[in-house]
Amino acid sequence: MTKIDILGRYLVAAGLACLVGLVSIWLGDPPSLVFHKMLFTPVFLLASHGLRSLFPEANDGKRGLIATIELQLLTAGLLAAFVLFIGPFERTDASKLFELFALFTLVLASVNLVLGHIKRDDKP
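In terms of full-length UniProt numbering, the sequence shown opens at residue 1 and continues consecutively.
Worth flagging that the hints you see were computed from the coordinates, not collected in a lab. Each statement offered as a hint is correct.
Just the calculated beta-carbon pair ranges, DEER-fashion:
id : residue 1 : residue 2 : range
1  : L11       : A94       : 35 to 41 Å
2  : G61       : S32       : 42 to 48 Å
3  : G64       : G87       : 30 to 36 Å
Computed from a predicted structure; not experimentally measured. All residues carry an ideal CB built from backbone N, CA and C; glycine is no exception.
Using the sequences and the accompanying hints, generate a full structural model.
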């Protein structure tokens with residue numbers, strides 16, 4: 001990786017953290033919660049990168065169905081956790097949060113699986 005690539009990754013992380021901070025302020029969160037949400041943003045990016053290291057992109061075409069479903073569920077679950085963490089859900093009941101998390105994860109994973117299948121069918 002070049003220095004430009006490294007700088008780009010830092011800028012993406014900082015930019016996303018600032019965006020999360022602005023959304024948090026817009027939601028009316030207190031400053032300490034805004035800071036917590038901004039701190040979580042790089043953790044989300046690192047987790048996404050770590051997940052991809054367990055499921056290398058080079059193997060996407062030859063990965064089996066079970067491993068593909070696992071990757072999509074983990075990716076969707078990670079995004080669902082991020083959205084629920086930065087969203088306005090601090091006072092939401094735990095059972096409702098679990099339902100939202102499960103629904104978001106299953107819908108997103110399903111959409112990704114369908115889109116991935118369509119994309120694979122388009123290749124000659």
